[in-house]
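*Asks:* We have chain A already, so just place chains B, C and D on it with the hints.
One letter stands for each residue in the lines below.
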Amino acid sequence: MIYLIQQGLNALQLGSIYALIALGYTMVYGVLSLINFAHGDFFMVGAFLCFIVVTFMGIPFVPALLISMAGVAALGVAVERVAYKPLRSAPRVSAVITALGVGIFLENFTLALSPYPKHIPTIIANTSWSAGAVTVSSLQVVVVFLSVVLMLVLHFIVQHTKVGMAMRAISWDRNVAPLMGVPVNYVISVTFALGSGLGGAAGMMYAMAYPVIDPYMGIIVGWKAFISAVVGGIGNIRGAMVGGYILGGVEVLTTAFLPSTYRDFVSFSLLLVLLIFRPYGIYGRPRTEKV
Amino acid sequence: MTLLRASGITHFFGGLCAVTDFNLSLDRDELLGIIGPNGAGKTTLFNIITGVCRATRGSILFRDAEIVGKSPDRIVRMGIVRTFQNIRLFNELTVLDNIRVAHYGRVRYTPAEALLHAGRYREEERRIRRHSDELLALFRMGHLSGERAKNLPYGLQKRLEIARALATEPELLLLDEPAAGMNPREVDELMDFIRWTQREFGLTIILIEHQMRLVMGICRRIIALDFGATIADGTPQEIQTDPAVLEAYLGEKAVR
Amino acid sequence: MGRAFLKKDLTGKERSQGRWVLPVFLVSGSVLSFAIPHFDLLDQYIQLILVYLGINIILALSLNLVNGYMGEFSVGHAGFMSAGAYIASFLTVKVFPAGALAWAFPAAVVAGGLGAGLLGLVVAIPSFRTRGDYLAIVTLAFVMIVKSALENIDSVGGARGFLGMDKLTTLPWTFFWTVATVWIIRNLIYSRYGRGVLSIREDEIASGLMGVNTRHVKLIAFVVSSFFAGVAGALFAHVLQFINPRMFDIIKSTDVLVMVYLGGIGSIAGSILGATAYTFLLEALRPLEIWRMVLMPLMLVLLMLFRPRGIMGLRELPWLEPAADRLSSPNGLNGLRNSRGANGFGGKRKDE
Amino acid sequence: MKRTVISIVLFTAVIGVVFAGCRKDGDSSIKVGVIAELTGDIPAVGASCRNASEMAVKEINDAGGIEIGGRKYKVELFIEDSASKPDQAASSAQKLITQKGVVAIVGPNSSSNAIPASEIAESAKVVLITPWSTNPKTTLDAKTGAPKRYVFRAAFIDPFQGRVVAKFALNTMKAKKAAVLYDVASDYNKGIAEFFKNTFEENGGQVVAFESYTTNDKDFSAQLTKMKSAGPDVIFLPNYYNEVPLQVQQAHRLGIRTPFLGSDSWGSQDLTKLCGSDCEGYYFTTHYSPDSAAPAAKKFIQAYTVAYGKTPDDVAALTYDSFGLLRQALAGAGKLDRDSVRNALAGIQGYEGVTGKMQFREGSGDPIKSAVVVRIQGEKFVWFADAQP
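Protein chains in written order, with this note's numbering: chain A, 1 to 291; chain B, 1001 to 1256; chain C, 2001 to 2352; chain D, 3001 to 3389.
So that you can see chain A by itself, here it is in the shape it has in the complex (with noise of 0.2 Å):
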């Protein structure tokens, strides 16, 4: 029981950061049906920013934080203008490619920079509480803190102001958007800042919990958060958060009770039993075709 309350809690941790980052992608996706595959290496500038901030200029935490949001929101709106802006017209896949090339880009000029993985120094200091023999550390807390604020956040952003108004109309139909007077080039913006941002607070947060970064540290990650956004239903806020924790749940469960070299094997085939069940995740709806 103790060990289950353990492993429960490795979860939380876990799935909050796939949570954090599938949030990303799934606000993209809601808005613009575009899947950022260069999320996972925004995510990883994020934690090199992080870096920087933290090991050469010695910035406390909240600073650092706001920073890395700020820092990686900018690049996400920088590459949304550059890259993706012209192909809105295009094929969906066109837009896909050209972020999947985005991501290759960034992850080796990263590379081509310093090639060596980098350490995170301290920023939080580092306390376990022990209660009995389940351990919880200041990290674990702070992680799933402050991952269920940013979701809380985010949330009532999108349901409660009115640039999130304006994202779900154009979520719900780019082309009708515009005649409503919704500013469509601006909501984008907001919507990948809001996006990317959230990216880079997952990197300065994995950063913390994992202090040993290097370039290719999004693509694995990236390509499992949007597995848990898919999971949850992709775009839907909600879905992304509980495929978070979904996909944590399941990875730590796996490893838990069953051999571990068959994590993989056993928890994605979990995964792909529930979509076979669910075929557009568990908040997703089937975009329902008029004929």
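Hints listed in this document are in silico derivations from the structure and should not be mistaken for laboratory results.
All figures in this text were calculated on a predicted structure; none of them were measured in a lab.
Incorrect hints may have been included.
Simulated crosslink set (EDC-like; lysine to aspartate or glutamate; CA at most 16 Å straight-line) [what the hints assert, rightly or not]:
#	chain 1	residue 1	chain 2	residue 2
1	D	Lys3380	D	Glu3280
2	D	Lys3100	C	Asp2043
3	D	Lys3074	D	Asp3062
4	B	Lys1150	C	Glu2202
5	C	Lys2167	D	Asp3141
6	D	Lys3143	C	Asp2166
7	D	Lys3177	D	Glu3202
8	B	Lys1150	C	Asp2203
9	D	Lys3031	D	Glu3076
10	C	Lys2167	D	Glu3122
11	D	Lys3143	D	Glu3122
12	D	Lys3176	D	Asp3141
13	D	Lys3174	D	Glu3201
14	D	Lys3299	D	Glu3201
15	D	Lys3176	D	Glu3122
16	D	Lys3177	D	Glu3201
17	D	Lys3072	D	Glu3059
18	D	Lys3176	D	Glu3202
Estimated spans, in silico, between C-beta atoms of each pair [what the hints assert, rightly or not]:
#	chain 1	residue 1	chain 2	residue 2	range
19	D	Asp3386	A	Gly132	43 to 51 Å
20	D	Glu3352	C	Asp2040	41 to 49 Å
21	A	Leu258	B	Asn1038	51 to 59 Å
22	C	Asp2166	A	Trp172	58 to 66 Å
23	C	Leu2121	D	Gly3281	51 to 59 Å
24	A	Ala78	C	Leu2121	42 to 50 Å
25	C	Ala2107	A	Gly8	46 to 54 Å
26	D	Gly3332	A	Leu258	49 to 57 Å
27	A	Trp172	D	Pro3259	56 to 64 Å
Even for Gly, the Cβ is constructed at its ideal location relative to N, Cα and C.
*Replies:* Quick look at chains B, C and D alone, frame taken from chain A:
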């Protein structure tokens, strides 16, 4: 002789009843019009007949064979085909290929023969090709066969869509608002065209239409739907004077 | 490349030109594929690159069938490739007698392809219900599952890799399989199934409503595509003489994706071009060291911005189309054109 | 039509020009190729390999070159990126051999790249020394199981090290129950983990948890939690120095106080930088310890630290030694043909390198060398014991 017999067709859309207890007995060579206000269940009815949606209850016999539960392509091969309210051509394909795609169910060669371009492949392809060329020529689109469908003007796209439907060699043609977006002169042309098509290809036609002039002009029998229920079934004269229709359909139109 | 080279306005006369290109290419290619290694006409390095080129063409073309022609977004190619590589290698190393490899190799390659095709069948089934992004996830998970499974099978070496294959992938074999792939996939595309594949890309629902058995077509497309991915894997394994699960991860799939979308979706010539450009650029840019990998994605992004469908997107070299598909029909359209027919509705031609 | 032909001709011509390459006749130089993983999943390995190669070659050339048959030859270096892809490693090797005409190749480093490259070197009869590949199969002919003639390595192989570590855990640390956490997708980690397990269990120990993860994983808490409940005396981490700190830190966060044990992949000064104080007092087996190294090694370590701002990791040291071996072989060969170089290399007696004294096993490309056990103290790796299997 009865070609299509629908009995007790009912279809729910999450609590909402889109079609209720629809019954129809359609003879060969009929030209039936279905009218009704928006949301009356007309297109849903077409979707059920063509296998896009499955009726919650009821049965449809086409030439005495049940079609409820069959996949759309099976139903096409049995001889029912439709056009769409909003044109749905294969935009990036050429006019010719749009027609040739529709021959799918009428081609007799196996995947292996296709992969090796052997056996019946050549002969069958030549036949499809000839048939397509003839069809396009008949529709006066022969000179356009290399054009991509998306490049055609609206009217020609509609014409191509009908030609494509006919390429499946149907017995029953379902036209979903063919006159949408047409001016009166074009509607006149369309009426001639539908009559001509029916004669030329020996078709039975069901037509959904809002343009009363077209429906009253060419259909000898009309069914009026409202909220999924059949409220009238008769000749144009009967429909025009039917109080239920006047109230539900024409009444609403008058208000609008 | 000029417009005359890529004729898309189809007038029969121009199409029939260049018919000699294909036979000349085939004959000289097959002669050269034997002559080059035999007389050492090109050095070993270039011969190796040519073998890679053939394999990459097979990969790009087979992925193009599903992603470009059918309009799905599969990222599962590495998984099919690994299945082919492992099955064929297992056969040549552990099953077939060492003395009989000359005839056993083609059999192993086909077996690898069939094994991959069988997996393709499994992956095709979810595609009946889902499309686009959901199918992408299914194939992504598929790659990870296959990789994880291979890591756990000790009889093929697990993570340490499998080796012991002879260098059986020669230039003639590569040429043969490349031509076979191009030929069969072209044949498929110019058949009713191929037109079904295209119509699914354009409008799946309308496709079914025009009588196309979409499930059947999807199955065929997935199986053929994964078959050739398996073939490419088998050839790959027998040129490197070593395989391990990590070679076939999602990165490999993205490499193939890049080739396909670089060259152009829905085009055989595009895939050939994309694979060629990719293979040669990767080698030619070697002097740039790390910056090679920075420049390559940048070029891809720029290309996408200026040519969103890739270099040859949705266009085809005329001499890759079968003669029977030419537009000048034997009947002659002019005879039929105005004889009888509809009193047309729907206005005039756009250009009138 | 003309344009079609012209396009094809032009295309072919461009490719021809690209591939004709530059084939200089450099009679006064010895050409040596390096294949490094500059891009791809282990760029740090490639970077260290390149740094050490450039340094080794500079050293040779600053000393006036290598004297062969009474003539001094400078070394000309060709570095190729394998992108950490086996096919790219193979084409790099082929390019170096056929287009650059190298006498020997150093690299590639990871076994999955080294094996295909070694096949090509072997069939072209060109010496290939892989600094870092530890898979026993790299130097063996897969068909016959006999050693390849032209393929050598500077590192010791997995079974050797696995045994060394297991014995150390049993005899010195007096451990009865061990746990192992390794990367299942990486041949190095998996190899050592398995050999460790076998030896440990054969000698009366018990492996209570044998857990794995996949490359690029950063969260190991599930596996560590599982280990914690198994209660081992020692936890063996045969993993790379960039992953070990995460594993140790997460273990500490979970309240695990069991000592950790590592293998030569810990051997980078970055480990202590990344680990902070978390790795204090742990042991690992490796090729050499900087404090007990020979004078030549100390010189290299110092020079490398000055040039690149960090102490050399195991890859750098092994690459440097590969060049050292090659230099000695070339000097002893007397002739510059590939076969003489190969024979001279195979016949080296007691080369004194940065990673210790080594010579090649009779008729094999695998070196005989000793391992040391090193203890982490503060920022330093301190010699603890010499170890034999």
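*Asks:* Lys3143(D) and Asp2166(C) were given as a pair; does the straight-line alpha-carbon distance stay at or below 16 Å?
*Replies:* Judged against 16 Å, a Cα distance of about 8 Å means the pair holds.
*Asks:* I want to verify a distance hint. Is the separation of the beta carbons of Asp3386(D) and Gly132(A) within 43 to 51 Å?
*Replies:* holds, 44 Å
*Asks:* Is it true that the CA of Lys2167(C) sits at most 16 Å from the CA of Glu3122(D)?
*Replies:* Given pair Lys2167(C), Glu3122(D) holds - Cα atoms ~13 Å apart, limit 16 Å.
*Asks:* For the hint 46 to 54 Å, verify it against the beta carbon of Ala2107(C) and that of Gly8(A).
*Replies:* holds, 52 Å
*Asks:* Are the Cα atoms of Lys3100(D) and Asp2043(C) separated by 16 Å or less?
*Replies:* holds, 11 Å
*Asks:* Take the C-alpha atoms of Lys3072(D) and Glu3059(D), compute the straight-line distance between them, and say whether it is at most 16 Å.
*Replies:* Measuring from Cα to Cα gives roughly 14 Å; hence the hint holds.
*Asks:* Measure nothing beyond the straight line between the CA atoms of Lys3031(D) and Glu3076(D); if it is 16 Å or shorter, mark the hint as holding.
*Replies:* holds, 5 Å
*Asks:* Given the proposed pairing of Lys2167(C) with Asp3141(D), does the C-alpha separation stay at or below 16 Å?
*Replies:* holds, 13 Å
*Asks:* If you check the beta carbons of Glu3352(D) and Asp2040(C), does the distance land in 41 to 49 Å?
*Replies:* holds, 43 Å
*Asks:* Just to be sure I understand the hint, the distance between the Cβ atoms of Ala78(A) and Leu2121(C) should be within 42 to 50 Å; is that true here?
*Replies:* Given a distance of about 44 Å, which is inside 42 to 50 Å, the answer is holds.
*Asks:* Could you grab the alpha-carbon distance between Lys3177(D) and Glu3202(D) and see if it respects the 16 Å cut-off?
*Replies:* Given pair Lys3177(D), Glu3202(D) holds - Cα atoms ~13 Å apart, limit 16 Å.
*Asks:* Assess, step by step, whether the Cα of Lys3174(D) is no farther than 16 Å from the Cα of Glu3201(D), and give holds or violated.
*Replies:* holds, 14 Å
Hints 12, 14, 15 from the earlier list are contradicted by this structure; the remaining hints agree with it.
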